[in-house]
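Chemist: Here the protein sequences come in this chain order: C and R. Numbering follows my numbering, in which position 56 of the first sequence is assigned residue number 56; successive positions increment by one, without gaps. Numbering follows my numbering, in which position 47 of the second sequence is assigned residue number 47; successive positions increment by one, without gaps.
Quick caveat, the hints were computed from the structure, so don't treat them as lab data. Predicted model only: the values in this text are computed from it and were never measured. The beta carbon of each residue, even a glycine, is placed where N, CA and C say it ideally should be. Mixed in with the good hints, there may be bad ones.
[What the hints assert, rightly or not] Covered by chain C, per the in silico footprint, the following chain R stretches (three or more residues, Cβ under 8 Å):
#1 34–48
#2 170–183
#3 188–198
#4 208–215
#5 245–256
#6 298–311
[Stated by the list, open to error] So these bits of chain R aren't anywhere near chain C, every CB distance computed over 12 Å:
#7 GLY68
#8 LEU73
#9 HIS86
#10 ASN113
#11 ALA120
#12 LYS165
#13 ALA166
#14 CYS235
#15 GLY262
#16 ASP285
#17 VAL319
#18 LEU325
#19 VAL337
#20 ALA340
[Unchecked claim] For each label pair, taking beta carbons as the anchor points, the in silico distance ranges come out as:
#21 R/LYS15 - C/PRO21: 24 to 30 Å
#22 R/TYR195 - C/ARG141: 45 to 51 Å
#23 R/PRO193 - C/SER129: 21 to 27 Å
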Amino acid sequence: MIRALRVRHRAVFLVLAALLPAGLAVALGSRRSVPPSPAPVEIPEIAVSSTPLRTALVGGAGVAVLARFWDRTESAAAVLELRAERDLGAPDVLLYWAPAPRAGETGATGSAGSLPEGSVLLGPFVGTSPRRFHLPEGQDRGLVALYSLGHQRVIWSWEIAP
Amino acid sequence: MSVGYRAVGWNRQKKLYDGSLLGGIALYLALFVTLALALFSEATLETILLRALGTLAFLLLHVVLSIGPLARLDPRFLPWLYNRRHLGVATFGVGLAHGVFALVQFHALGDENPLVSVLASNTRFTSISSFPFQQLGLFALLVLFLMAATSHDFWLRNLTAPVWKALHMLVYAAYGALVLHVALGVLQTETHPLYGVLLGLGVSWILALHLVSGWRERARDRELAAGRDGFVDVCAVAEIPEKRARVATLSGERVAVFKHEGRISVLSNLCQHQNGPLGEGRIIDGLVTCPWHGYQYKPACGRSPEPFTERVPTFRARVVKGRVLVDPRPLPAGTHVEPAPIEAGEALHG
Ligand code: FES
Numbered sequence: 001m002i003r004a005l006r007v008r009h010r011a012v013f014l015v016l017a018a019l020l021p022a023g024l025a026v027a028l029g030s031r032r033s034v035p036p037s038p039a040p041v042e043i044p045e046i047a048v049s050s051t052p053l054r055t056a057l058v059g060g061a062g063v064a065v066l067a068r069f070w071d072r073t074e075s076a077a078a079v080l081e082l083r084a085e086r087d088l089g090a091p092d093v094l095l096y097w098a099p100a101p102r103a104g105e106t107g108a109t110g111s112a113g114s115l116p117e118g119s120v121l122l123g124p125f126v127g128t129s130p131r132r133f134h135l136p137e138g139q140d141r142g143l144v145a146l147y148s149l150g151h152q153r154v155i156w157s158w159e160i161a162p
Numbered sequence: 001m002s003v004g005y006r007a008v009g010w011n012r013q014k015k016l017y018d019g020s021l022l023g024g025i026a027l028y029l030a031l032f033v034t035l036a037l038a039l040f041s042e043a044t045l046e047t048i049l050l051r052a053l054g055t056l057a058f059l060l061l062h063v064v065l066s067i068g069p070l071a072r073l074d075p076r077f078l079p080w081l082y083n084r085r086h087l088g089v090a091t092f093g094v095g096l097a098h099g100v101f102a103l104v105q106f107h108a109l110g111d112e113n114p115l116v117s118v119l120a121s122n123t124r125f126t127s128i129s130s131f132p133f134q135q136l137g138l139f140a141l142l143v144l145f146l147m148a149a150t151s152h153d154f155w156l157r158n159l160t161a162p163v164w165k166a167l168h169m170l171v172y173a174a175y176g177a178l179v180l181h182v183a184l185g186v187l188q189t190e191t192h193p194l195y196g197v198l199l200g201l202g203v204s205w206i207l208a209l210h211l212v213s214g215w216r217e218r219a220r221d222r223e224l225a226a227g228r229d230g231f232v233d234v235c236a237v238a239e240i241p242e243k244r245a246r247v248a249t250l251s252g253e254r255v256a257v258f259k260h261e262g263r264i265s266v267l268s269n270l271c272q273h274q275n276g277p278l279g280e281g282r283i284i285d286g287l288v289t290c291p292w293h294g295y296q297y298k299p300a301c302g303r304s305p306e307p308f309t310e311r312v313p314t315f316r317a318r319v320v321k322g323r324v325l326v327d328p329r330p331l332p333a334g335t336h337v338e339p340a341p342i343e344a345g346e347a348l349h350g
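Please model the entire structure based on the sequences and the hints provided.
Modeler: Next up, the structure:
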């Protein structure tokens, strides 16, 4: 290396030695205690009646999923509780709800592996602890679908009818 | 040292180096993915791969940045310099894979162009915890691309070694940007103390290595004063080992004073290839051999043997009472200077 570059190299590292530790300290010191990115969402605070209306053990994506359908006493919205017995083994799984067609309508169904039209995102579904999700107000008949964002397809779906 | 240009002048050593490099990369990725799948059951394979590539690129950059100062501090690290550019290109490749993966995972599912999305989706430059860290990564990736793209000897020769070196010093800006990319990005949500400690150790290692080696170089850059006749008393003949050199700073740049076969020859210390330190090399088969990649020069005229065309400046020298005196004015590159004979008595000491 020529001398001028050696001098520049020394200057660059004196600057980096001053800036990098300071930048690192500020960046690590100002971390929020609650991570800003969407973490797995637990919804334990939803008030539900003491006994589930229905409980079903269904096989999906090679994993048993326990689905409970709860009535919510103080409003018309129902609550669905799901628990996977093991990890679903698919990346970025989201839970969708597709309402069942009313009398006289044809059912909205998607092509194989895709979500039915009019599906509503209920939330992310990860891990094996029970998770509760609000269903859209006044709806308790429809299709529950687990959709893998990574695989871009429905990995499991289950029809709910009273 | 080559007459024409070839993509890569493969030899056994390069094949071994690159084979080990590729094997190491594959092993790291496999280990990372296996361990992460076993330890973090909630993590998706996409996220694990993204992190495996990101940590690997960052780790490789630490290795790349360590080789130079380590070789300055201890010649046993010189073989690592031999193919450092291949390591740099591999670092860019792994970093690019990380960047493309992140682009597809986080920015390709919307109706916006993914690159525009990276640049425009977050502009909170005044926030620390929500700083657009992706843009720091993009900047570093562009610098690594520039370096990888100009890493071939074709660019080195056309840009000239000092310009090429100056350009490649941008890697330090890229390193700074990547440290902040990690600290303002993944470490904002991954708050386990171990990750912060590892990053701190990596940064301390790089800073300490470069500061210590830079400091040592500074001491060696101290210039020697010329005597009344204009010649500089560089050292005693006995201080130079046979077929090796003593390095001194004259007229603002370093020269290499070689002793071989009872004579003294003085050349510029700067190899024409990448400005490697000729004075830290040896005379092999009668030729001064650069310790970095093996370019060779004739001691008397500073020219590479035919058919190669590299030349370095030479200097006049004489030996008086066992001391080597050198004229600090460089002669045009390739100028023949009759090597200064060492007096009989002095040769025995050497
Ligand atoms: S710097 Fe490459 S051979 Fe000298």
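Chemist: Going back to the hint list, which numbers does this structure go against?
Modeler: Numbers 6, 7, 12, 13 and 21, in rising order.
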